[in-house]
Amino acid sequence: MPITKAFTTEIDYVSILDEHGNFDAQLGSDLISNDELVQLYEQMLTSRRFDEVAFKLQRSGRMGTYPQNMGQEATSLGAAFALEPHDWLVPCYRENTGLFHRGLPMEYILLHWMGDERGNQIPRELFMTPLAIPIGTQMLHATGLAWASKYRGESNIACTFFGDGATSEGDFHEAMNFAANLDIPVIFFCQNNHWAISVPGHIQCSAPTVAQRGVAYGMDCVQCDGNDIFAVTKVVKDAAQRARDNNRPTFIEAVTYRLGDHTTADDARRYRDEEEVEMWKTRDPMIRMRDHLKSLNLWNDSKEAAATEKAETLVAEAVKRAEEIAEQPVSEIFDSMYNTIDDPEMIRQRQTMRTSSIGQDPTQVESTEQVN
Amino acid sequence: MSRVIEFRDALCEAMTEEMVRDERVFLMGEEVAEYDGAYKVSRGMLEQFGSRRVIDTPISESGFSGLGIGAAMHGLRPIIEFMSWSFSLVAADPILNNAPKMLYMSGGQFGCPIVFRGNDGAGGQLGSTHSWCVESLYANVPGLKMAIPAFPSDAKGLLKTAIRDDDPVFFLESERLLALKGEVDEDPELLIPFGTANIPREGTDCTLVSFGRPVHFCLEAAEELAGQNISCEVIDGRSIRPLDVPTITRSVRKTNACVVVDQSWPFASIASEVAATVSEQCFDDLDHPVVRVNSDDVPAPYAFDLEQEMLPNARKICQAVRTATYSS
Chain R
45 MPITKAFTTE
55 IDYVSILDEH
65 GNFDAQLGSD
75 LISNDELVQL
85 YEQMLTSRRF
95 DEVAFKLQRS
105 GRMGTYPQNM
115 GQEATSLGAA
125 FALEPHDWLV
135 PCYRENTGLF
145 HRGLPMEYIL
155 LHWMGDERGN
165 QIPRELFMTP
175 LAIPIGTQML
185 HATGLAWASK
195 YRGESNIACT
205 FFGDGATSEG
215 DFHEAMNFAA
225 NLDIPVIFFC
235 QNNHWAISVP
245 GHIQCSAPTV
255 AQRGVAYGMD
265 CVQCDGNDIF
275 AVTKVVKDAA
285 QRARDNNRPT
295 FIEAVTYRLG
305 DHTTADDARR
315 YRDEEEVEMW
325 KTRDPMIRMR
335 DHLKSLNLWN
345 DSKEAAATEK
355 AETLVAEAVK
365 RAEEIAEQPV
375 SEIFDSMYNT
385 IDDPEMIRQR
395 QTMRTSSIGQ
405 DPTQVESTEQ
415 VN
Chain D
26 MSRVIEFRDA
36 LCEAMTEEMV
46 RDERVFLMGE
56 EVAEYDGAYK
66 VSRGMLEQFG
76 SRRVIDTPIS
86 ESGFSGLGIG
96 AAMHGLRPII
106 EFMSWSFSLV
116 AADPILNNAP
126 KMLYMSGGQF
136 GCPIVFRGND
146 GAGGQLGSTH
156 SWCVESLYAN
166 VPGLKMAIPA
176 FPSDAKGLLK
186 TAIRDDDPVF
196 FLESERLLAL
206 KGEVDEDPEL
216 LIPFGTANIP
226 REGTDCTLVS
236 FGRPVHFCLE
246 AAEELAGQNI
256 SCEVIDGRSI
266 RPLDVPTITR
276 SVRKTNACVV
286 VDQSWPFASI
296 ASEVAATVSE
306 QCFDDLDHPV
316 VRVNSDDVPA
326 PYAFDLEQEM
336 LPNARKICQA
346 VRTATYSS
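Chains as they are written, first to last, in the numbering used here: chain R, 45 to 416; chain D, 26 to 353.
A hint or two may mislead.
Listed below are several chain R residues computed to face chain D (Cβ distance under 8 angstroms; list not exhaustive) [to be verified]:
1. Arg162
2. Gln165
3. Leu184
4. Gly188
5. Ser193
6. Gly197
7. Asp215
8. Phe222
9. Asp305
10. Asn341
11. Trp343
12. Glu371
13. Ser375
14. Ser380
15. Thr384
Far from chain R, by Cβ distances over 12 angstroms, these chain D residues were calculated [said to hold, decoys possible]:
16. Ala63
17. Arg68
18. Ile80
19. Pro83
20. Ser90
21. His99
22. Asn122
23. Gly149
24. Arg189
25. Asp190
26. Glu227
27. Pro291
28. Asp312
Note that these hints are calculated values from the structure, not bench results.
Yeah, the Cβ is synthetic: ideal placement off N, Cα and C, and Gly gets one too.
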């Protein structure tokens, strides 16, 4: 018997507006209106400004570690724009632009990185989960959120974000397998920014594309130019439709690049070639967006100056709100431990602030003053 | 009205009643649907509720644990079955790092009302990797609740409480007890609050504190010791987090002696925690230091005789009580 092919496949690559200004009008013309395009660009400007300010806050000791989003603005922004306001956004930590687009006040992200749980008190009506700092855990939660929406007969789907490094985690594979086998309306959005801290992409995946990892799970998968907001919008809209119409998940690999360090605790110059970074700077999503707007006569230098000034004001106001928030009383340390507390020991812990590190039995410890 | 049913049927009744009562509750796990559960705990539930609410999953503990957490964050009430708690170790990140911390880390915004349940404990010659007693390991984590029934009636009442609870509950069942029969009330509101220990046998000379299957070894030992004029009071903790400390200390103040019996390993165990608490709160009442009976500090042996000897048993408990009461 001759050997035949059991299975073959191809991975689509979607690019609509490239770094040279080439625009595929056939694919791109109806995706984003001119007004929306201007708004999205202004949101990118604000997010980029936020990034600069957050970096400086960290360097001046006013904030803890911060991961810059610079260079990756088009990914989460395109996705958030393509989705409905009630679709779940389940981020990791480089999706600021998309979260701000959805309506998250910027001070939440600042508070998060300043070390304050109140930065994670995401208003329920925004349909997003707090930043997930462990790698990959949020993909399973997104799968569960989408599964719950399907169970409840709701129309909302979930979109979860992660990096190329996260596709090596078991959680990624288990979430993908579940979503495909149980028909769960979730979009897996991989921001392939080429570096997992200092580890290059080929250590995570030796296949030609990350996208093809989805093939093994029987899932639609696609690669797109992640620095092209048109391409991102298109692939997410297509994926959302598949999810809404048929409860089918999609795996998207958005090819992008982390122009900054992994976080403020990292120095990428130690492991990346300067030429590589310089080459990717020419593919910056904001440059091509601005040039495109100019080519449509929607943008000019005075608009740029005005929008930049507005962005600076918005970010400065957010910093003020974050820095001026009242300190949390230490007495709140046991709050939010349990929804239902009927255990006298837990109530006592809350009331007296005594923990096992001092002694379980109140009579053992000198009477300390009660903390309100 | 009560009738005599098996422990496994009490668990099934609890889940079934709660699923009838609350549309948000569903059961998910390996073989829980078509196969009725590896230990037949979910017998008939697929037929009653259909595949939307009784869901067979891929063999993927981290997968269905994490998915359940996401579903709970969106307002559902998942019951996640581990065929064995031994297999929950590969889901340590979602069950320990996500579920018990979700409410806290989101500043109170995302609760996680989820029940993880399944077989816990050794004794079936399953080999060490399949014979975990996870109670001591997991009870260390704040944010979760842990219940461990020893009798069919408690199995039902505690599981119903677990399903209605707004926080993550680790529910530990013993496969060795699943065929145990006992009186179980038909009342659909049979709810046993967590943190309420039960006293299946009263006594005056020594307090025996235990959880889950070893409660039966305590009762066996108490019966034997009664013939030697040593009167034991047996306390079945029923939940480990929260722990009913007042019931234990009240008993110790009466008996002046305490033995804690716990099927997990001795180092940093539930028994250690209870012993420390009793020592702190009843120091002046104790005639002898608290004595602990745990499994031996070895992996569960595969060989039958060795495994039985490794676990707490009536002989070891009797010896411990004689020590604690200066009767040896």
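So, going through the hints one by one against the coordinates:
1. Taking 8 angstroms as the C-beta contact cut-off toward chain D, the hint placing Arg162/R at the interface holds, the least distance being around 5 angstroms.
2. Interface hint status for Gln165/R: upheld, as the beta-carbon distance to the closest one in chain D is roughly 4 angstroms, under 8 angstroms.
3. The criterion of a C-beta within 8 angstroms of any C-beta in chain D is met by Leu184/R, whose closest approach is roughly 3 angstroms, and the hint holds.
4. Because the smallest distance between the Cβ of Gly188/R and any Cβ of chain D comes to about 2 angstroms, under 8 angstroms, the interface hint for this residue holds.
5. Satisfaction of the interface hint for Ser193/R is found here, the shortest Cβ-Cβ separation to chain D being roughly 7 angstroms, below the 8 angstroms cut-off.
6. Nearest Cβ of chain D to the Cβ of Gly197/R: about 10 angstroms, over the 8 angstroms cut. The hint is violated.
7. This hint holds: Asp215/R has a C-beta 6 angstroms from the nearest C-beta of chain D, less than the 8 angstroms allowed.
8. Taking 8 angstroms as the C-beta cut-off, the interface hint given for Phe222/R holds, the closest approach to chain D being about 5 angstroms.
9. Nearest Cβ of chain D to the Cβ of Asp305/R: about 25 angstroms, over the 8 angstroms cut. The hint is violated.
10. A hinted interface residue such as Asn341/R counts as satisfied when its beta carbon comes closer than 8 angstroms to some beta carbon of chain D; here the least separation is about 44 angstroms, so the hint is violated.
11. A cut of 8 angstroms between beta carbons decides the hint on Trp343/R: the least distance to chain D is about 38 angstroms, and the hint is violated.
12. About 14 angstroms separates the beta-carbon of Glu371/R from the nearest beta-carbon of chain D, more than 8 angstroms, and the hint is not met.
13. Among the interface hints, the one on Ser375/R is violated; its C-beta lies about 15 angstroms from the nearest C-beta in chain D, farther than the 8 angstroms criterion.
14. Residue-level restraint check for Ser380/R holds (minimum Cβ-Cβ distance to chain D is 4 angstroms; threshold 8 angstroms).
15. Interface hint at Thr384/R: satisfied, since its Cβ lies 5 angstroms from the closest Cβ of chain D, which is below the 8 angstroms cut-off.
16. Consistency note on Ala63/D: stated as away from chain R, and its beta-carbon is indeed over 12 angstroms from all of that chain's, at 20 angstroms minimum.
17. Arg68/D, annotated as away from the interface, keeps every beta carbon of chain R farther than 12 angstroms; the closest lies near 23 angstroms.
18. Taking the minimum C-beta to C-beta distance to chain R, about 7 angstroms, the non-interface status of Ile80/D is violated against the 12 angstroms cut.
19. Once the 12 angstroms rule is applied to beta carbons, Pro83/D is inconsistent with being away from chain R; the minimum gap is 6 angstroms.
20. Non-interface call for Ser90/D relative to chain R: violated, since the shortest CB-CB distance, roughly 8 angstroms, does not exceed 12 angstroms.
21. Listed as a non-interface residue, His99/D fails to keep its Cβ farther than 12 angstroms from every Cβ of chain R; the least gap is roughly 4 angstroms.
22. With a cut of 12 angstroms on Cβ distances, Asn122/D falls inside the contact zone with chain R, its closest approach being about 7 angstroms.
23. Every Cβ of chain R is farther than 12 angstroms from the Cβ of Gly149/D; the closest lies at roughly 28 angstroms, confirming the non-interface assignment.
24. Non-interface call for Arg189/D relative to chain R: violated, since the shortest CB-CB distance, roughly 9 angstroms, does not exceed 12 angstroms.
25. Residue-level check failed: Asp190/D sits 6 angstroms from the nearest beta carbon of chain R, not beyond 12 angstroms.
26. With a closest Cβ-Cβ approach of about 23 angstroms to chain R, Glu227/D is found to remain outside the 12 angstroms limit, as its non-interface label requires.
27. Every CB of chain R is more than 12 angstroms from the CB of Pro291/D (nearest about 19 angstroms), matching its label as outside the interface.
28. Separation of Asp312/D from chain R is adequate, the least Cβ-Cβ distance of about 19 angstroms exceeding the 12 angstroms criterion.
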